[in-house]
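Peer 1: The chain contents come next:
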Amino acid sequence: MAALLELDNVEARYGATKALHGISLTLDDGSIVAVLGANGAGKTTTLRAVSGTVRRSGEILFDGRRLGRRGPEAVARLGIAHVPEGRGTFAELSVKENLRLGAYTQRPQAFKADYSRVLNLFPWMLDREGQQAGTLSGGEQQMLALARALMQRPRLLLLDEPSLGLAPGLVTDIFRIVRELNEKEGLSVLVVEQNAAVALETAERAYVLEVGRVVVTGASDELRRNESVRRSYLGY
Amino acid sequence: MANFLQQVVSGLATGGIYGSLALAIVLIYRATRVINFAQGEMGMFAAFIALWLIDSGWPYWAAFFATLGLAFVGGVLVERVVIRPVERAPVVTVVIVTVGLLIGLNGAAFWIWGGDTRAFPSAFSTRAIHVGGVAFSIQDFGVIGVSLGAVALLFLFFRFTKLGLAMRAAALNPEASRLVGVRVGWMLALGWGFASVLGAVAAMMVAPTIFLDPNMMRPVLLYAIAAAILGGLESPIGAVLGGLILGVGLNLISTYVDFVGDALKLPVAFVVILAVLLVKPTGLFGRATVRRV
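As you go down the protein sequences, you meet chains A and B in turn. In terms of the numbering used here, the first sequence is residues 1 to 236. In terms of the numbering used here, the second sequence is residues 1001 to 1293.
Just to be clear, a hint being listed does not mean it is correct.
[Stated by the list, open to error] Label-pair restraints from in silico Cβ distances:
| no. | chain 1 | residue 1 | chain 2 | residue 2 | range |
| --- | --- | --- | --- | --- | --- |
| 1 | B | G1107 | A | A38 | 33 to 39 Å |
| 2 | B | L1163 | A | A3 | 35 to 41 Å |
| 3 | A | L126 | B | V1134 | 48 to 54 Å |
| 4 | B | F1259 | A | D127 | 54 to 60 Å |
| 5 | B | A1062 | A | G139 | 55 to 61 Å |
| 6 | A | S116 | B | A1062 | 44 to 50 Å |
| 7 | A | R231 | B | E1087 | 47 to 53 Å |
| 8 | B | P1085 | A | G22 | 29 to 35 Å |
| 9 | A | G22 | B | R1080 | 33 to 39 Å |
| 10 | B | V1092 | A | L126 | 45 to 51 Å |
| 11 | A | G139 | B | V1271 | 55 to 61 Å |
| 12 | A | A74 | B | L1163 | 17 to 23 Å |
| 13 | B | V1091 | A | E6 | 24 to 30 Å |
| 14 | A | E6 | B | T1161 | 35 to 41 Å |
[To be verified] Partial list, computed: chain B residues near chain A (C-beta under 8 Å):
| no. | residue |
| --- | --- |
| 15 | R1088 |
| 16 | L1165 |
| 17 | L1172 |
| 18 | N1173 |
Just so you know, these hints were derived from the structure itself, not from any lab. Yeah, the Cβ is synthetic: ideal placement off N, Cα and C, and Gly gets one too.
Required output: the full structure, derived from the provided sequences and hints.
Peer 2: The following block contains the structure:
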């Protein structure tokens, strides 16, 4: 399979603080890859480096194209949708307006079909189209953020801590939907998770980060079987 | 009673003007947390251009709409050239830049057109129409129609178009807007363009009554800021209603409260600003956003 996303020795910094010290990572087209690690390991920054929401150097290739200095607007237009940690939604706008914004870069004629496709995945949104996003529960906001990202018709989905603050049942729901999209539509996903057990069940491969570097990588099964990796890096 | 109704209608006319300028201020405030002190001067400049077009033989409405077009382009250019470089600077820096812009535009108008007060034509007849025994001025109705019409068009644009939605989103949450592909920088520039159009409408509507000169918009801007604060700086509808309330209120106060008269109107506006900021800083219509964490 061809690589959809390749990071080669990517560094990123917030002001004077370096958050990534040369990350290399490959994601095959149509696959799900997890990025694991403790707090502050650089997981979120890895996603932000791809979407262009942090200053980065090194080489990032998407579908063979260099991302270079592209900012988030341009990266989104290439077909990468980033669901940031916590609130990726517009709290003051309605559910439907959030989804219309997701479709901002799409042709207007495509909206109807894409919208009903998303409502199929999240039927509860139909009755709550007009509700202000900020008044949804945490889990609903997470689903709305995911739905908004799907409206972008992405080839690659960047998911940051989808399980954060959610009840276990909801976490299962969200990962089930992600898996479905991956299997049925070939959506590629790069997912960051603290909850390594859930992530490894979904992803084919995983990268474990420690202070801005990749320390372990491999197929999910191998990582799960490897006792010492599990104990020292995954914490379960 | 007749006098009361007349004062209400003429208050609504000036209030509509304050309201449209207040809306211009709110548009920019929502997106950048900055009060654009040059908003009035930008409108004054546009009114001078309109008069120049009319004096060169253009029909009034052709000059009016051409001026709105130029005001839009001018607003976008101001954002790109003057505001963009200080985009990431602290709010105070940007405010000072807008004050500099005020002084610069004022000086430029003096330099180009001189400081003489000029008459500015009105699109509407100053005749009166009689409704139920009360005489109203046609001009007042015209001014109400044009300023509130401009405001209504803008509301429809923000409510029902994709671009309007993207502009709202860019103001509310620039980070998330970029992630869905909205070019936030350009949305800000468009916002300046629309604000500039509203300022031009206000200036062209007020000019026939207060006459055209480079300083004409100073008091109008103060009333508009009072209106925006009264309505809640965050609320576009509040800005317009604040303008109408202020216009009618001031008119009635200066008619019926003898010691206020015309001379103390401006201080009353200032008192309104102070009172609102002390008693209810979010204004009449500003509200804290509901957010569940």
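Peer 1: Each hint needs a verdict: does it hold in this structure or not?
Peer 2: Cross-check of the supplied hints:
1. G1107(B) to A38(A): 33 to 39 Å: About 60 Å separates the Cβ atoms of G1107(B) and A38(A), which means 33 to 39 Å is violated.
2. L1163(B) to A3(A): 35 to 41 Å: At 36 Å between Cβs, range holds.
3. L126(A) to V1134(B): 48 to 54 Å: About 52 Å separates the Cβ atoms of L126(A) and V1134(B), which means 48 to 54 Å holds.
4. F1259(B) to D127(A): 54 to 60 Å: The hint (54 to 60 Å, Cβ to Cβ) holds, given that F1259(B) and D127(A) are roughly 58 Å apart.
5. A1062(B) to G139(A): 55 to 61 Å: For A1062(B) and G139(A) the Cβ distance comes to about 57 Å; the hint holds.
6. S116(A) to A1062(B): 44 to 50 Å: 47 Å, holds
7. R231(A) to E1087(B): 47 to 53 Å: 48 Å, holds
8. P1085(B) to G22(A): 29 to 35 Å: 34 Å, holds
9. G22(A) to R1080(B): 33 to 39 Å: The hinted range 33 to 39 Å holds for G22(A) and R1080(B), with Cβ atoms some 37 Å apart.
10. V1092(B) to L126(A): 45 to 51 Å: Given about 47 Å between the Cβ atoms, the range holds.
11. G139(A) to V1271(B): 55 to 61 Å: 49 Å, violated
12. A74(A) to L1163(B): 17 to 23 Å: 19 Å, holds
13. V1091(B) to E6(A): 24 to 30 Å: Distance hint for V1091(B), E6(A) is violated at roughly 41 Å.
14. E6(A) to T1161(B): 35 to 41 Å: Given a distance of about 39 Å, which is inside 35 to 41 Å, the answer is holds.
15. R1088: 13 Å, violated
16. L1165: 6 Å, holds
17. L1172: Hint holds; L1172(B) Cβ to chain A Cβ min 5 Å, cut 8 Å.
18. N1173: 5 Å, holds
In this structure, the hints that do not hold are numbers 1, 11, 13 and 15, in rising order.
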